[in-house]
Amino acid sequence: MTASLTFANLACMRGGRVLFKGLNATLGAGDALLLTGPNGVGKSSLLRLIAGLLPAYTGTVTHDGRLALSDENPALDPRLPLAKALGYWAGLDSTGPAAVAAALDALDLTRLAGVPVRLLSTGQRRRANLARVLASGANIWLLDEPGNGLDTASLALLERAIARHRTQGGIVVVASHQSLGLTNAQAVELEPAE
Amino acid sequence: MKAFLAILVRDLRLSLGSGGIGLPVVFFLLVATLYPFAVGPDGALLSKTGGGVLWVAALLAALLPVDRLIAPDAEAGVLDQYAVRGLGEEMIAAAKITAHWIGFGPPLMLAAIPASAMLRLDGETLAAVELGLLAGTPGLAALGVMVASLTAGLRRGGALAGLLMLPLAIPLIIFGAGSIGDFGGGAVRFLAAASLFLAAVAPFAAGAGIRALRE
Chain F
134 MTASLTFANL ACMRGGRVLF KGLNATLGAG DALLLTGPNG VGKSSLLRLI AGLLPAYTGT
194 VTHDGRLALS DENPALDPRL PLAKALGYWA GLDSTGPAAV AAALDALDLT RLAGVPVRLL
254 STGQRRRANL ARVLASGANI WLLDEPGNGL DTASLALLER AIARHRTQGG IVVVASHQSL
314 GLTNAQAVEL EPAE
Chain D
413 MKAFLAILVR DLRLSLGSGG IGLPVVFFLL VATLYPFAVG PDGALLSKTG GGVLWVAALL
473 AALLPVDRLI APDAEAGVLD QYAVRGLGEE MIAAAKITAH WIGFGPPLML AAIPASAMLR
533 LDGETLAAVE LGLLAGTPGL AALGVMVASL TAGLRRGGAL AGLLMLPLAI PLIIFGAGSI
593 GDFGGGAVRF LAAASLFLAA VAPFAAGAGI RALRE
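Read top to bottom, the protein sequences are chains F and D.
Take our numbering: the final residue in the first sequence is number 327, and no numbers are missing along the way.
Take our numbering: the final residue in the second sequence is number 627, and no numbers are missing along the way.
It is worth saying that the hints were derived from the structure and are not from the lab.
Glycine included, C-beta positions come from ideal geometry on N, C-alpha and C.
Careful, some of the hints might be misleading.
Stated by the list, open to error - Computed from the model, here is a short list of chain F residues facing chain D with C-beta under 8 Å:
id, residue
1, A184
2, G185
3, Y190
4, D197
5, A201
6, L202
7, N206
8, P207
9, R212
10, Y221
11, G224
Let the sequences and hints guide you as you build the complete structure.
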């Protein structure tokens with residue numbers, strides 16, 4: 134699995150306001166990037182920008198490998214059982230039920246596989262959201278506050294999943310106020326542009 | 413193609429589950445039931461005007477599911493996830509239009525049979541209505557998804573969707589109702605042309621609308 138992610142001189146403009154500018158990073162297989170900074174400084178916007186959901190004001194993002202994004206939106210059909218809701222995305226990603234089962238197992242969701250998504254608690258939904266990323270088989274994970282609402286045990290599962298992804302040559306970009314046990318991670322501290 | 417089918421099947425399943433198919437049909441039948449109460453049980457008048465009433469009912473029924481076509485997917489982040497996977501917005505829109513038509517066109521054509529009985533339409537008129545619905549509902553479905561994507565990001569977009577959609581549907585209703593009368597053959601061709609035009613343009617307009625939602 135070869136993956137790379139590079140951005141250079143990146144700036145983001147939202148609603149006529151420059152959120153950040155001059156951001157650079159180069160990530161190769163197994164690398165991690167931790168985005169920190171105060172609320173509203175543009176961490177989520179940077180992730181959306183890398184994911185191609187927002188246009189860059191200046192600068193470029195290049196990546197080699199498939200992307201997977203986990204933000205505050207679950208994007209799972211509330212009426213469907215969890216495994217089926219995840220299966221929809223795994224089908225689009227051509228990874229299939231085995232990847233879903235592995236992702237559910239990795240985040241301790243296996244016994245909730247048959248429970249409709251709407252009945253899940255906040256923390257369970259957060260883990261389901263992360264399971265979607267795990268099951269995608271993508272090389273580059275973009276995680277926006279992945280630790281929000283997770284209990285200690287779930288945080289440990291998340292840290293283990295991230296570590297495993299990195300040893301398999303994957304890239305992780307995390308916007309978080311928690312350190313999430315990232316070792317040898319690059320860090321970008323976003324500051325208000327003004 | 414795989415993604416097109418997956419989105420189509422998902423949208424169909426969702427509209428089945430949320431009353432997106434049943435509701436327009438029930439509404440359509442209700443209008444056909446109420447109209448004779450409003451104008452009286454005059455068989456000649458009913459059969460003369462009934463075809464046009466069915467077209468107005470079809471148009472209004474097409475409005476009902478509009479707020480469910482795009483906005484829920486935008487709010488839940490489903491459209492973002494499609495974009496992260498690099499799926500084209502035009503393809504997504506085309507899949508949504510196809511799914512919407514399957515859940516809307518054929519059920520309406522079935523409902524037109526009991527509705528025509530309530531409006532005292534003869535077999536010939538019913539055949540014209542059915543042919544017109546077959547030609548016109550793809551255009552209505554395309555229009556619905558297009559308007560839904562343009563109004564999804566707005567507050568109270570549902571109300572605006574009606575204002576936007578009804579004027580754009582004027583060609584469909586003119587040629588649709590026109591296809592029932594004496595010069596029906598020509599009108600149904602125009603209806604098919606208008607419908608085809610909408611179905612061809614809508615994926616691009618809706619695709620642009622979906623892209624604009626991300627901003």
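A quick look at each hint next to the structure:
Annotation: interface hint on F/A184 holds; nearest CB of chain D at approximately 5 Å, less than 8 Å. Interface restraint check for F/G185: the shortest CB-CB distance to chain D comes to about 7 Å, inside 8 Å, so the restraint holds. Because the closest C-beta pair between F/Y190 and chain D is about 13 Å apart, greater than 8 Å, the hint is violated. A least Cβ separation of about 14 Å between F/D197 and chain D goes past the 8 Å threshold, and the interface hint is therefore violated.
Of the supplied interface hints, the one on F/A201 holds, with its beta-carbon coming within about 7 Å of a beta-carbon of chain D, less than 8 Å. For F/L202, the shortest C-beta to C-beta distance to chain D is roughly 5 Å, which falls under 8 Å, so the interface hint holds. With 8 Å as the threshold, the beta carbon of F/N206 comes within range of chain D, its nearest partner Cβ sitting at about 3 Å, so the hint holds. Given hint, F/P207 at the interface with chain D, holds; its Cβ is 7 Å from that chain's nearest Cβ, closer than 8 Å.
Against a cut-off of 8 Å between C-beta atoms, the interface hint on F/R212 holds, since the closest Cβ of chain D lies about 6 Å away. A distance limit of 8 Å between C-beta atoms decides the matter here; for F/Y221 the minimum to chain D is near 6 Å, and the interface restraint holds. At a threshold of 8 Å, the smallest CB-CB gap from F/G224 to chain D is about 6 Å, leaving the interface hint in force.
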